[in-house]
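2 protein chains.
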Amino acid sequence: MAKAPKTAIQPTREEDYPEWYQQVIKAADLAEISPVRGCMVIKPWGYAIWENMQAALDRMFKETGHENAYFPLFIPMSFLEKEAKHVEGFAKECAVVTHHRLEPSPDGGLRPAGPLDEPLIVRPTSETIIGAMYAKWVQSYRDLPIRINQWANVVRWELRTRMFLRTAEFLWQEGHTAHATPEEAWEETRLMLDVYSRFARDYLAIPVIQGEKTAGERFPGAVSTLCIEAMMQDRKALQAGTSHFLGQNFSRAQEIKFQNAEGQEDFAWTTSWGVSTRLVGAMIMSHADDDGLVVPPRLAPKHAVILPIYRSEDDRTPVLEYCRRLEREIAAQRHGEAPVRVFIDDRDLRGGEKNWQHVKKGVPLRIEVGPRDVASDHLFVARRDRPEKQSEPRSAFVATIGERLDEIQNGLLRRAAAMRDAHTRSIESVDAFREFFTPRNAERPEIHGGFALAHWVESPETDALLADLKVTVRCLPSNPELAGGPGACVFTGREATQRAVFAKAY
Amino acid sequence: MAKAPKTAIQPTREEDYPEWYQQVIKAADLAEISPVRGCMVIKPWGYAIWENMQAALDRMFKETGHENAYFPLFIPMSFLEKEAKHVEGFAKECAVVTHHRLEPSPDGGLRPAGPLDEPLIVRPTSETIIGAMYAKWVQSYRDLPIRINQWANVVRWELRTRMFLRTAEFLWQEGHTAHATPEEAWEETRLMLDVYSRFARDYLAIPVIQGEKTAGERFPGAVSTLCIEAMMQDRKALQAGTSHFLGQNFSRAQEIKFQNAEGQEDFAWTTSWGVSTRLVGAMIMSHADDDGLVVPPRLAPKHAVILPIYRSEDDRTPVLEYCRRLEREIAAQRHGEAPVRVFIDDRDLRGGEKNWQHVKKGVPLRIEVGPRDVASDHLFVARRDRPEKQSEPRSAFVATIGERLDEIQNGLLRRAAAMRDAHTRSIESVDAFREFFTPRNAERPEIHGGFALAHWVESPETDALLADLKVTVRCLPSNPELAGGPGACVFTGREATQRAVFAKAY
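The listed protein sequences correspond, in order, to chains A and B.
Going by numbering that gives the first Met the number 0, the first residue of the first sequence is number 0, and it counts up by one from there.
Going by numbering that gives the first Met the number 0, the first residue of the second sequence is number 0, and it counts up by one from there.
Incorrect hints may appear among the rest.
Because identical chains share one entry, a pair is satisfied inside a single copy or across any pair of copies.
[Said to hold, decoys possible] With a straight-line Cα cutoff of 25 Å, these simulated DSS-like cross-link-like pairs (lysine-lysine) come out: (1) Lys25 x Lys135; (2) Lys61 x Lys81; (3) Lys84 x Lys61; (4) Lys81 x Lys25; (5) Lys91 x Lys503; (6) Lys503 x Lys135; (7) Lys84 x Lys25; (8) Lys61 x Lys359; (9) Lys91 x Lys469; (10) Lys359 x Lys135; (11) Lys61 x Lys353; (12) Lys388 x Lys359; (13) Lys91 x Lys81; (14) Lys353 x Lys135; (15) Lys25 x Lys256; (16) Lys388 x Lys135; (17) Lys91 x Lys301.
Simulated from the structure, these hints should not be mistaken for lab results.
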């Protein structure tokens, strides 16, 4: 047998970060590429994590007064055409339905038949089709606000795909709201950015920077796009969620008109906001290590696995009985809003192999129980976020398992925040900026840089420099500590109102 | 002002059943047609009912050992071609994606561009794409069984659509399992039919008949299709769920091969099973009445609405305070696995209008609270399933609200069962059969017939008679009381092994 590698994932993060990412997904059995170009299959462990994200977000949406609904998958081509910038943004990556049946072809196979009068676009996002319905539903200010969310699949025909981060089809939620005043619409836009930030912090254990996108990075058709940006372990930025203030751009295009309290006709002020299965990618790249996935407990499909260990049939019965009692005791404990999710893995597999499967899948706690543990009423407990294992009395462990999971959850957040802070820097000169974003080690080009905070005014020369370094302006941060006061643009010397966050990005 | 009609829904069920159905959907604000041909918009109240169905079914699937996953929306055309009967069944109603972008057209609009090498079909069902993945995942009998469910949208390009019952796009779940033996696959097929039957009985409050479809009504490519059939209030049958034993048909087409325990290669035995948003239609047509929707409590987004009634500002504060305390008390009670869902409707609307909105939406309990009720600590309670209202002491009402909801739930099931039984008949002659399915009242042609139980052997002459009467064989029932023993076919006199269920159907 070949010598076991030192880490479960090969290559390591240091060696080849992009390949490490793919190998973690494979080792944790999260997802797989499918025979359909650019589309992935989300496997049960990956989907269960997404379900936990959905449940938490859905609760937060409902607590903030939103309702769910469902709108059509297809958008007539003419609807997209109504908002010029919107169509410009999505026309190059649309799946287009042109026929509504198949017929036998002369070569013995099938061919499309029944051409449609008007092609249909598989929704890349639903502002236009939802707006068309809102136009029907809104007559008076009394019909406003409308605050609806949709859980759905969307399709953007990306040429270069990467699992969870960029796929042709992905799962997401899209909130669409309409309001009588710009103030209310702005309030909604900010509220949902806050919801996303809280979700990232409390569930994903990812600290994020809130900010506003620059004009060039805005959602096509939006007046303003707010975003949350997170730092991955390779120090690149990942946009983890966006909330758009659409002004009256879409309501004019779709005629979402209403009579205000003064009897005058006005267009509604709309917003939209969304997060997607990309968050699974953010979770992987924030917490996974060279042994595989690390799932924050609040998103873990299973919080703990019990591994019965016995060599003889005589030992089997008492060990299994002890494990079953332990499982019931643990399942009666709570973590956050849910009972602790625990299960016994009694498959007929070598102990080492079985243990490693749960390491690679990122189960927060692994509990080994052998005959000697039963005799001493102790458990041999391993935490996924730490290397050591230790023996603990059963009753004390069971009574504190909820706190233990909190501790793991909070520890992951602290670690991610420390990592981000260590690689966030104020930059005062072009040279320092260039140096920050230049790999220092030619053999490990992936991991370098981080978040640069610098005063900045848009200009073509700066754009060229940024393109050269493959760096983008991530956002104008809203936190005053990050934004700083006015100052001279690092690149042009012109007066800038605040600092921007720069990073290489996904 | 025009004289108020006697019923909230016009026309009534007796007057025009199909139009009544559409009007109930409108009055309860469940859904609406969209600008996209054949696709509907599911509005918040309708979607919340679907979410409750999903939650209950999902729990039942997980309790029976299934996991969720997600597979691509698109199916390459060549995948469909592999199973001859399958493609025959779906080729005529497929949305076909042929291009992957839009480009400016000479007339100033847009046109499809970027033709695909191979057209993609928007999934009408996912046996072929899921089977292709299973073929990769299965090598040995140790990899079996695979028991996965998917919640998804599917598209079947129907020409004649009706909201919830038949739409081009609909939401559903599709279970797909693979097993090492036909016995295990059969067990799964029957297990899921049982799950559907229990769900229909315990949540939808709809009694169903379990049975097997005839060859002509089978799922395209299946060896056998089991189904549950329910009777609607117009006495037509609605197929509410199906569970297919696919044998080795799909595993051969897709090469889902495995090595069995004896080291021989074999094809897996597969099943698939599904229910859809059609169940919302079943719920409407089973329980709604001439005043609108009636939602079984276990599926109701809200179990109870509190309606504060006051004429003066002086009364407002004490009434509202009383209502808020009542809301908290009720929310602390439980119904089934969930807390009682209650809310206060304090909108500035005429009391009568507000009350009728909740009647039309089918909220199980309406609780009116006025100043005199506050003084006497009584509530004025209306049940959606009964015409009368009555005054009740608050504490007794709150303490028993869970039982009250159970009573409503059970009452709806009993009523539906009584209705079905009253219109189910054993038929012994062709004349009696013809009479049973012929409208007796030319002005009310919609409501007649029911379920006919008759011995039957398939024959072209009988098919012609059935087509003439617009009657179909719904299933060969599995319940021995319905199936009866062997007997002579009512139509041909030939020996039949059991009776079949006949009905007009949706």
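Hint check results:
For the identical chains of this complex, lysine 25 and lysine 135 are inter-copy neighbours only, at 14 Å across copies versus 47 Å inside a copy, given an alpha-carbon limit of 25 Å. For the homomeric pair lysine 61 and lysine 81, neither the shortest alpha-carbon distance inside one copy (31 Å) nor that between copies (45 Å) is at most 25 Å. Within a single copy, lysine 84 and lysine 61 get their C-alpha atoms no closer than 31 Å, and across copies no closer than 45 Å, so neither meets the 25 Å cut-off. For a Cα distance limit of 25 Å, the shortest separation of lysine 81 from lysine 25 qualifies neither inside one copy, at 43 Å, nor across copies, at 29 Å.
Taking the shortest alpha-carbon separations for lysine 91 and lysine 503, only the intra-copy value of 24 Å comes in at or below 25 Å, while the best inter-copy value is 48 Å. For the identical chains of this complex, lysine 503 and lysine 135 are neighbours neither inside a copy (43 Å) nor across copies (36 Å), given an alpha-carbon limit of 25 Å. With identical chains, the CA atoms of lysine 84 and lysine 25 are never at most 25 Å apart, being 39 Å at best within one copy and 35 Å at best between copies. For a Cα distance limit of 25 Å, the shortest separation of lysine 61 from lysine 359 across copies, 23 Å, qualifies, whereas the shortest one inside one copy, 34 Å, does not.
Taking the shortest Cα distances, lysine 91 and lysine 469 sit within 25 Å of each other inside one copy (23 Å), while across copies they are farther apart (49 Å). When the C-alpha separation of lysine 359 and lysine 135 is checked against a cutoff of 25 Å, the pair qualifies only between copies, where the shortest distance is 21 Å, while the shortest distance within a copy is 51 Å. Only between protomers do lysine 61 and lysine 353 lie at most 25 Å apart by alpha-carbon distance; the minimum there is 23 Å, versus 40 Å within a single protomer. With identical chains, the CA atoms of lysine 388 and lysine 359 are at most 25 Å apart within one copy only, with a shortest distance of 16 Å there and 60 Å across copies.
In this assembly of identical chains, lysine 91 and lysine 81 lie within 25 Å of each other by CA distance solely inside one copy; the values are 16 Å within and 32 Å between copies. In the homo-oligomer, the alpha carbons of lysine 353 and lysine 135 lie at most 25 Å apart only across protomers (22 Å), although the nearest pairing inside one protomer, at 57 Å, exceeds that limit. When the C-alpha separation of lysine 25 and lysine 256 is checked against a cutoff of 25 Å, the pair qualifies only between copies, where the shortest distance is 22 Å, while the shortest distance within a copy is 50 Å. Taking CA atoms no more than 25 Å apart as the test, lysine 388 paired with lysine 135 passes in neither setting, with 62 Å inside one copy and 36 Å between copies.
Within a single copy, lysine 91 and lysine 301 get their C-alpha atoms no closer than 41 Å, and across copies no closer than 44 Å, so neither meets the 25 Å cut-off.
Comparing the model with each earlier hint shows violations of hints 2, 3, 4, 6, 7, 16, 17; every other hint is respected.
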